[in-house]
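Protein chains in written order, with the numbering used here: chain A, 29 to 141; chain B, 987 to 1142.
Worth double-checking, as some hints may not be accurate.
Said to hold, decoys possible - Listed next, with one range per pair, are the computed distances between beta-carbon atoms:
id, chain 1, residue 1, chain 2, residue 2, range
1, A, Glu-130, B, Gln-1014, 36 to 44 Å
2, B, Gly-1075, A, Ala-67, 44 to 52 Å
3, A, Arg-121, B, Glu-1019, 27 to 35 Å
Keep in mind that the hints were calculated from the coordinates and are not lab data. Bear in mind that the values here come from a model prediction, so they are computed numbers and not experimental data. All C-beta atoms, glycine included, are put in the ideal place defined by N, C-alpha and C.
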Amino acid sequence: MTIRQRQVGDVVVLDIDGKIVGGVDHDLFQEKIRALLTAGKHNVLVNLENVKWVNSTGLGVLIAGFRTVQTGGGRLKLLHVSERIHSLLTITRLSTKFEMFESEDEATASFAK
Amino acid sequence: MANESPAEIQLRLPSQLRWLGVVDAVVQGFAAEFALSADDVNNLSTAAIEAASNAMEHANKFDESKHVTLHLRGHGSAIDIEVEDEGPGFDPRPYERELSAEDLLKLRGRGIFIMRSFMDEVRFTRAPRGGMCVHLRKVGRPIADESGPSDATSSN
């Protein structure tokens, strides 16, 4: 997994590339999230456009990030979730926790609400 | 076109998560030869990845000298996958349940539930060489014919 970061207004977009399967992915993602919170960046949009699938440990990576941001007073949302990942989020009922968007404009605007 | 002839392949992987992409590629490629929908193929691959992840991490403890072996068998619209580890074995029963509402944001504990949700059958047995074997079975739903009424004549 690789993470590229870009700023869109008040929102940090994290473009994820590759598989999210746990292990080093967890540490990499958590380091990035903690660095953002330390820098005062609390609106995080995770772009999964280039992630074909995740396993349950990969779901744990996203949940850990979500919890860390929430604890830090911020919000983490998901963008461009594939059908395959969406069905995983649905059966595990995590779709009730994560806000998901298909449009980057709508996603970034949602943080202003 | 779906393959009516039975087929079987075997895949033996080191116990490292970076090989999970190979599981996806092989299961997708194998399942494409049989009469399963795209959703069924994705669900089968997700379940196989889940079983292989568990085998690598929890059973084989990422020990590079231990392997995870997948046996794939297909016939018509049914595919069976066995995922065998080289660990000490475990009792899957405590991990079968869906997480409760208050545990929804737990980091772990969803793997077996995911397998059961996506598969028609999931069984756990002891492998002949001492580890565990997870049996996954997916029977494809009939795929809707989107090409309209078929011509009664065809060439072979």
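Each hint, compared with the structure:
1. Against the hinted window of 36 to 44 Å, the Cβ-Cβ separation of Glu-130 (chain A) and Gln-1014 (chain B) comes to about 24 Å, which falls outside the hint.
2. At roughly 47 Å, the beta carbons of Gly-1075 (chain B) and Ala-67 (chain A) sit within the given window of 44 to 52 Å.
3. The supplied range of 27 to 35 Å is met by Arg-121 (chain A) and Glu-1019 (chain B), whose beta-carbon atoms lie about 34 Å from each other.
Of the hints listed earlier, the one the structure fails to meet is number 1.
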